[in-house]
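Chains C and D are the protein sequences, given in the same order.
In this note's numbering, each number is its position in the first sequence, counted from 1, plus 1394.
In this note's numbering, each number is its position in the second sequence, counted from 1, plus 700.
These are calculated hints, taken from the structure and not from any lab test.
Quantities reported herein were computed from a predicted structural model and do not represent experimental measurements.
Honestly, I wouldn't trust all of these hints.
[To be verified] Chain C stretches covered by chain D per the calculated footprint, using a threshold of three residues with CB under 8 Å from any CB of chain D: (1) 1443 to 1452; (2) 1458 to 1465; (3) 1486 to 1493.
[Unchecked claim] Restraint-style ranges between C-beta atoms, simulated for each label pair: (4) D:Glu803 with C:Leu1402: 42 to 50 Å; (5) C:Pro1432 with D:Thr740: 31 to 39 Å; (6) D:Val817 with C:Tyr1506: 28 to 36 Å; (7) C:Val1501 with D:Glu751: 44 to 52 Å; (8) C:Leu1551 with D:Gly709: 49 to 57 Å; (9) C:Leu1402 with D:Lys864: 56 to 64 Å; (10) C:Ile1403 with D:Leu710: 40 to 48 Å; (11) D:Glu756 with C:Ser1407: 56 to 64 Å; (12) D:Leu710 with C:Leu1533: 18 to 26 Å; (13) C:Phe1524 with D:Gly709: 18 to 26 Å; (14) C:Trp1509 with D:Glu751: 46 to 54 Å.
Using N, Cα and C, we set each Cβ at its ideal position, and we do this for glycine too.
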Amino acid sequence: MKRSRVRLILLLSVLLLCVIAPLAVAQVRRPQPVIDDPALEQRLHKLSQELRCLVCQNETLADSRADLAEDLRDEIRQQMKAGKSDKEIIAFLTERYGQFILYRPQVTPTTYLLWFGPFVLLLAGLAVLFHLIKQRRDLIAEQPLTSDERKRAEEMLRAASGKERA
Amino acid sequence: MLRYLIPLGLFLVLVVFLAIGLGRDPREVPSPLINKAAPTFRLPQLKDPGETFSAEDMRGKVWVLNVWASWCVSCRDEHPLLIEYAKSGAVPIYGLNWKDKREDALDWLGELGDPYVLSAADLDGRVAIDYGVYGAPETYLIDQGGVIRYKHIGPVTPDAWKDKFLPLVQQLNREGASR
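So that you can see chain C by itself, here it is in the shape it has in the complex:
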């Protein structure tokens, strides 16, 4: 009984630590930039969701809390304030970090395989499927009877119906 209580207290303190620790980390982080233009922040958020954070590569630039991601967001924010279009900003970033920073890479000869590969595979799969279906249909297609066979079949039918009548 006593042991389970100790365990419970331990568990609770660990949980508490899990809640408090991130707060402590958050406090030492740099001050967030003052958001004076909500529309611009929204545009920034939308654009940075299309961009990859290069430090933690499976996160978007919008979600990442890496230092570099914050720098890049600052950079994008400044460029937006300077009146640059999204296209110009994306060009600025790909010139420096390559297509890798884009979650949706541009369609260029180097990315043809990436963009069209799945469709090529789909078409290949369909071709194989049609081929198999056709093969199977040929297997089960009825072969017309030869005149000999037809004659035999008619005789058998006649014999059968004669028996029935009898």
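Following the hints, position chain D against chain C.
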């Protein structure tokens, strides 16, 4: 027979692709700046903030730009190697001190030695963005015409120095001499 060989063949192709994929470092993002002009900048020098350093100052020389920071763990691994490379005198090594505090950076150099001819202080990381830096250390080899010829991501290992940097430095120096 064929109906068994085809899936086996496809499987082998898949294995080859996976093997190649596993052998590559996903953190190494190829730089689009190779064979492009090194971005221009003018930054205060780390040791002497009154003086500036610019990539343009290096026109006509083959040089190495190493991005480092005192907070960067891998830079500490790389540091003794850089000192060795610098001592060999093969190519001048310049530093780009990235998002660091001046005192911290100076302490670091004081404690571990200074392989750099000089370091430029990129305290807000603005120049590093121009160079497509996403994690220190990163090292660029820049030729006489101010064109980036090679970029190494992560510590420059002795193998990388011997197999990548030195041959390219020699080739560039030869090209420069014959020009």
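So, going through the hints one by one against the coordinates:
By the rule of at least three residues with a Cβ nearer than 8 Å to a Cβ of chain D, the coverage given for the region 1443 to 1452 of chain C holds, with 3 such residues. Residue count for the region 1458 to 1465 of chain C with a Cβ under 8 Å from a Cβ of chain D: 3. That meets the three needed, and the coverage hint holds. Under the rule that three or more residues need a Cβ within less than 8 Å of chain D, the assignment of the region 1486 to 1493 of chain C holds, with 6 such residues. For the hinted restraint 42 to 50 Å between Glu803 (chain D) and Leu1402 (chain C), the CB-CB distance of approximately 48 Å keeps it satisfied.
For the hinted restraint 31 to 39 Å between Pro1432 (chain C) and Thr740 (chain D), the CB-CB distance of approximately 35 Å keeps it satisfied. At roughly 44 Å, the beta-carbon separation of Val817 (chain D) and Tyr1506 (chain C) lies outside the given 28 to 36 Å, and the hint is violated. Checked against the hint of 44 to 52 Å, the C-beta distance between Val1501 (chain C) and Glu751 (chain D) comes to roughly 47 Å, which is consistent with it. Checked against the hint of 49 to 57 Å, the C-beta distance between Leu1551 (chain C) and Gly709 (chain D) comes to roughly 52 Å, which is consistent with it.
In this structure, Leu1402 (chain C) and Lys864 (chain D) meet the distance hint of 56 to 64 Å, their C-beta atoms being roughly 58 Å apart. Taken as a hint, the range 40 to 48 Å is violated for the pair Ile1403 (chain C) and Leu710 (chain D), whose Cβ atoms sit roughly 57 Å apart. Under the hint 56 to 64 Å, the C-beta atoms of Glu756 (chain D) and Ser1407 (chain C), about 59 Å apart, fit the expected range. In this structure, Leu710 (chain D) and Leu1533 (chain C) meet the distance hint of 18 to 26 Å, their C-beta atoms being roughly 25 Å apart.
As the Cβ distance of Phe1524 (chain C) to Gly709 (chain D) is approximately 21 Å, the hint placing it in 18 to 26 Å holds. The beta-carbon spacing between Trp1509 (chain C) and Glu751 (chain D), approximately 50 Å, falls within the hinted interval of 46 to 54 Å.
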